[in-house]
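Asks: Sequence:
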Amino acid sequence: MIKPLSKKTLYEEVVSQIIVMVKNGEWNPGEKIPGELALSESFGVSRNSVREALKYLALSGIVEAKPGKGTFLSKNALNSINSMELLNVLKEDSTILELMEARLIIEPKIARLAVERAQKEDIEKLEKILNKSKKAIKDKTYNVSMGYELHKIIGDMSRNRVLSKLLDSITNELNAQRFMYIYSYVHSNELENEIAEHMELLNFIKNNEPGKAEALMVKHIETRIERYREEIQKNGIEKQKK
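Just so we're on the same page, this note's numbering is the position in the sequence shown counted from 1, plus 2.
Because the hints were derived from the structure by calculation, they are not lab data.
Some hints could be false.
Stated by the list, open to error - Straight-line alpha carbon distances no greater than 16 Å define the calculated EDC-like cross-link-like pairs of lysine to aspartate or glutamate that follow:
| hint | residue 1 | residue 2 |
| --- | --- | --- |
| 1 | Lys57 | Glu15 |
| 2 | Lys154 | Asp124 |
| 3 | Lys221 | Glu103 |
Predicted model, so just to flag it, every value in this text is computed and none were measured.
The task is simple: from the sequences and hints, build the whole structure.
Replies: This is how it looks when you write it as structure tokens:
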């Protein structure tokens, strides 16, 4: 049931109440939802607030507007809500170390699945980004985002949308917390080691060795966690971030 909102309520609270209604089954996927005027009267807010809420929900994949027909709840609304709630959890003061530990738990298994489910075009994509990375290191233009691009490809290769989206969410939050900026200060030999490990991972994929790929990914992420801990001790990065 729609509940009137107080005058101080912003459009985010309209979004929150709509999400609760969807999760409670009051609105069903694919169903047409009330128009702006009806919603503004029910919520007790302006049409502009409702419009902003619907715009946000559309960008989040929860509703979709059909010209001449109205606004409908997306067929994948519940999945979109779950993804959005996961992102909100990640933004609640997750430290870089917490995010890296989460990577350590899921990404080695993703690497194993990637080896088991790899296709020819996947290997070609990995070779392309690795060649680009090697050239960038030689030209001193390497960016850690190139490494993340490879990890994204590995995530997609797992053919598991949940794991792939989860990894993307963690990576995006690491980017937001400037992990790439901090990590870019490591010595150039660290970047060369990173590329060497990525090349080794590619070989494991080509040779269909999932166990070795999983073990390498554990080592790969543990090394980055250890390097980051060293940066914390030296510069107190985590304390400054908070």
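Asks: Which hints, by number, does the structure contradict?
Replies: none
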